[in-house]
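A.B. asks: The primary structure of each chain is shown beneath.
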Amino acid sequence: MARVIVVTSGKGGVGKTTTSAAIAMGLAKKGHKTAVIDFDVGLRNLDLIMGCERRVVYDFINVINGEASISQALIRDKNCNMLYILPASQTRDKDALTKEGVGKVLEELSQDFKYIVCDSPAGIERGANLALYFADDAFVVTNPEISSVRDSERMLGLLSSKSRRAERNEEPIKEYLLLSRYDADRVHSGEMLGLEDVQDILSLHLLGIIPESKSVLTASNAGIPVILDEKSEAGQAYADVVARYLGEERPHRFIDGKKGFFRKLFGGKS
Amino acid sequence: MSTNPTNTTTILEFKSSTFFAPILILFKNDIATIELSLQEKIRLAPDFFKNSPLMIDVSELNKLNHEIDIAGITTVLRKIGLFPIGLRGGNDQQNNQARALFIPIDTARTNDSPMSLGKTQEEEIATQPAQPKEETTEAPIAPAASSPPSTVATTLITHPVRSGQRVYASGDLIILSQVSAGAEIMAEGNIHVYNTLRGRALAGVQGKKDARIFCFDLQAELISIAGDYKTSEDINKQNQKKPVQVFLQDHALIIQEIA
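Keeping their order, the protein sequence lines are chains Z and V. Residues 151 to 420 in the working numbering are what the first sequence spells out, letter by letter. Residues 303 to 561 in the working numbering are what the second sequence spells out, letter by letter.
Any given hint could turn out to be false.
To be verified - Computed spacing ranges between beta-carbons, pair by pair:
no.	chain 1	residue 1	chain 2	residue 2	range
1	V	497	Z	381	53 to 59 angstroms
2	V	460	Z	250	30 to 36 angstroms
3	V	534	Z	203	43 to 49 angstroms
4	Z	260	V	478	33 to 39 angstroms
5	Z	162	V	347	56 to 62 angstroms
What the hints assert, rightly or not - One side of the interface only, derived from the structure: several residues of chain Z facing chain V at Cβ under 8 angstroms:
no.	residue
6	304
7	306
8	307
9	310
10	311
11	345
12	347
13	351
14	353
Claimed, not checked - In silico contact screen, one side only, chain Z against chain V (beta carbon under 10 angstroms); selected entries:
no.	residue
15	272
16	274
17	275
18	276
19	303
20	305
21	309
22	350
23	352
24	356
None of these hints come from the bench; they were simulated from the model. Values in this document were obtained by computation on a predicted structure and should not be read as measured data. Every residue gets a Cβ at the ideal spot worked out from N, C-alpha and C, and that includes glycine.
Construct the entire structure; sequences and hints are all you get.
C.D. replies: What follows is the structure, encoded as structure tokens:
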């Protein structure tokens with residue numbers, strides 16, 4: 151049985167799709183067969199970030215409607231043959247998603263895949279609800295600013311009450327925090343919420359801090375998940391996230407920004 | 303066989319004792335509706351109701367002259383896994399029906415003077431429709447119905463109550479985790495939060511004026527006891543990060559540090 155991961159946030163623009171692409175690639179690179187599904191029906195993005203937009207024939211909605219089989223719609227990633235992408239439809243809207251349809255697709259994918267990453271749309275409407283409904287784990291992507299934290303908090307409420315696990319009274323969804331677009335210098339100057347402030351409100355298991363990095367935009371534009379850019383801080387941060395998710399112990403980095411780098415060089419605690 | 307150490311072997315003994323059994327007070331006489339509603343309640347607390355003995359109280363129905371089929375209700379109860387052990391408040395015909403089904407008749411109390419035990423229960427069921435849980439878009443974590451019918455139980459919640467969630471307790475409410483901003487917790491009794499309280503907390507929602515709110519860190523958006531309330535604007539920030547209790551004194555909410 152596959153593990154279903156939902157990448158969610160409530161707020162838009164915090165890095166859900168970037169995160170979905172990065173962790174799906176990270177899991178696949180570790181040798182786990184992984185599928186990543188774009189739930190943002192109507193606003194197709196994931197295929198761009200994954201660089202497979204020119205190979206889309208069938209999409210998620212086609213599969214739900216029975217117009218194509220899953221194997222026809224899945225696109226194999228060009229960088230990693232353990233990774234498959236199920237793109238969203240651009241011509242339909244989120245009403246085309248049904249609980250039964252999504253359930254059936256996930257069920258079928260579960261036979262074959264180890265991890266299924268669901269890239270949730272922003273908001274708390276149908277697409278987002280269905281993306282989280284079947285989840286086993288949730289990666290809550292949050293920016294260090296108050297509205298993002300509030301929306302994440304709301305999302306956590308939905309995760310613990312609107313999911314299938316909640317409805318069936320099963321073990322609740324495991325919730326993890328990913329603090330993205332983190333700028334240590336701005337945290338120091340008090341312009342941005344720090345990790346502590348965010349955790350004070352959310353108190354979640356921290357999977358990683360993704361520093362604000364130019365490489366994210368560059369990678370997105372190039373259609374290469376940023377995790378493949380091993381030189382970039384964001385890429386390394388995502389690699390840490392995947393490793394931690396898979397149970398590896400890794401110290402948290404990027405909390406203190408550049409100064410942390412020097413401290414590490416001179417043998418400070420890290 | 304006998305555990306009696308004396309020479310005279312005891313075969314049996316009569317003793318007077320009391321034991322507790324839930325009383326099922328019926329307000330409607332439609333068996334199908336009752337069955338549905340029972341199943342709903344049992345689903346919330348299956349262990350509590352499993353094989354439970356049960357007293358049937360039809361005094362409310364008889365006040366309204368609603369006829370009920372004793373045999374029918376007995377069948378439904380047994381089917382669900384409950385054991386009807388008595389009938390209370392029945393008329394002659396109902397009592398005869400019950401006797402024919404080997405169900406004893408409780409005549410100890412008249413219809414108009416239910417014991418306090420029965421009263422609590424009656425109130426609890428009667429107030430159920432007034433509960434705000436139906437309006438909420440998300441499932442309340444612990445609906446009041448999960449409390450045992452004979453006593454008003456304490457509701458215990460060990461996980462965080464997140465934004466947008468609502469919790470209603472018909473007795474006391476104890477929360478071991480944080481209550482986030484945008485969450486709402488309500489109790490007919492006291493509220494204890496052994497963590498930070500950021501959401502809205504309403505104690506004594508059915509008018510219990512001596513209800514109190516206790517918490518480790520008061521950052522609530524609103525606190526209310528028996529309808530009197532304070533919003534976060536009126537809550538002194540100095541009380542933050544300290545254990546406090548909130549109680550009602552002459553219609554004023556007093557926030558007091560717990561030393």
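A.B. asks: Hint by hint, say whether it matches the structure.
C.D. replies: A quick look at each hint next to the structure:
Evaluation of the 53 to 59 angstroms hint for residue 497(V) and residue 381(Z) yields a failure: the beta carbon distance comes to about 42 angstroms. Separated by about 33 angstroms at the C-beta atoms, residue 460(V) and residue 250(Z) satisfy the suggested range of 30 to 36 angstroms. At about 48 angstroms, the beta-carbon gap between residue 534(V) and residue 203(Z) stays in the expected band of 43 to 49 angstroms. For the hinted restraint 33 to 39 angstroms between residue 260(Z) and residue 478(V), the CB-CB distance of approximately 35 angstroms keeps it satisfied.
Between residue 162(Z) and residue 347(V) the beta carbons are some 41 angstroms apart, a value that contradicts the proposed interval 56 to 62 angstroms. With 8 angstroms as the threshold, the beta carbon of residue 304(Z) comes within range of chain V, its nearest partner Cβ sitting at about 4 angstroms, so the hint holds. For residue 306(Z), the shortest C-beta to C-beta distance to chain V is roughly 5 angstroms, which falls under 8 angstroms, so the interface hint holds. A least Cβ separation of about 3 angstroms between residue 307(Z) and chain V falls short of the 8 angstroms threshold, and the interface hint therefore holds.
Of the supplied interface hints, the one on residue 310(Z) holds, with its beta-carbon coming within about 6 angstroms of a beta-carbon of chain V, less than 8 angstroms. Because the closest C-beta pair between residue 311(Z) and chain V is about 4 angstroms apart, less than 8 angstroms, the hint holds. Among the interface hints, the one on residue 345(Z) is violated; its C-beta lies about 17 angstroms from the nearest C-beta in chain V, farther than the 8 angstroms criterion. The interface hint given for residue 347(Z) is broken, as the beta carbon of that residue sits about 13 angstroms from the closest beta carbon of chain V, more than 8 angstroms.
Taking 8 angstroms as the C-beta cut-off, the interface hint given for residue 351(Z) holds, the closest approach to chain V being about 7 angstroms. For residue 353(Z), the interface hint holds, since its Cβ comes within 8 angstroms of a Cβ in chain V; the closest pair sits about 6 angstroms apart. Here the hint on residue 272(Z) is broken, as its CB sits about 16 angstroms from the closest CB of chain V, past 10 angstroms. Given hint, residue 274(Z) at the interface with chain V, holds; its Cβ is 9 angstroms from that chain's nearest Cβ, closer than 10 angstroms.
Interface hint at residue 275(Z): violated, since its Cβ lies 13 angstroms from the closest Cβ of chain V, which is beyond the 10 angstroms cut-off. Interface hint status for residue 276(Z): violated, as the beta-carbon distance to the closest one in chain V is roughly 14 angstroms, over 10 angstroms. The beta carbon of residue 303(Z) is positioned within 10 angstroms of a beta carbon in chain V (closest approach about 4 angstroms), and the interface hint is therefore held. Residue-level restraint check for residue 305(Z) holds (minimum Cβ-Cβ distance to chain V is 8 angstroms; threshold 10 angstroms).
Here the hint on residue 309(Z) is kept, as its CB sits about 8 angstroms from the closest CB of chain V, short of 10 angstroms. At about 8 angstroms, the closest approach between the beta carbon of residue 350(Z) and any beta carbon in chain V falls short of 10 angstroms, and the interface hint on this residue holds. Contact between residue 352(Z) and chain V, as hinted, is supported at the beta carbon level, the nearest pair being about 8 angstroms apart and thus within 10 angstroms. At about 15 angstroms, the closest approach between the beta carbon of residue 356(Z) and any beta carbon in chain V exceeds 10 angstroms, and the interface hint on this residue is violated.
Taken one by one, the earlier hints fail for this structure at numbers 1, 5, 11, 12, 15, 17, 18, 24, listed in ascending order.
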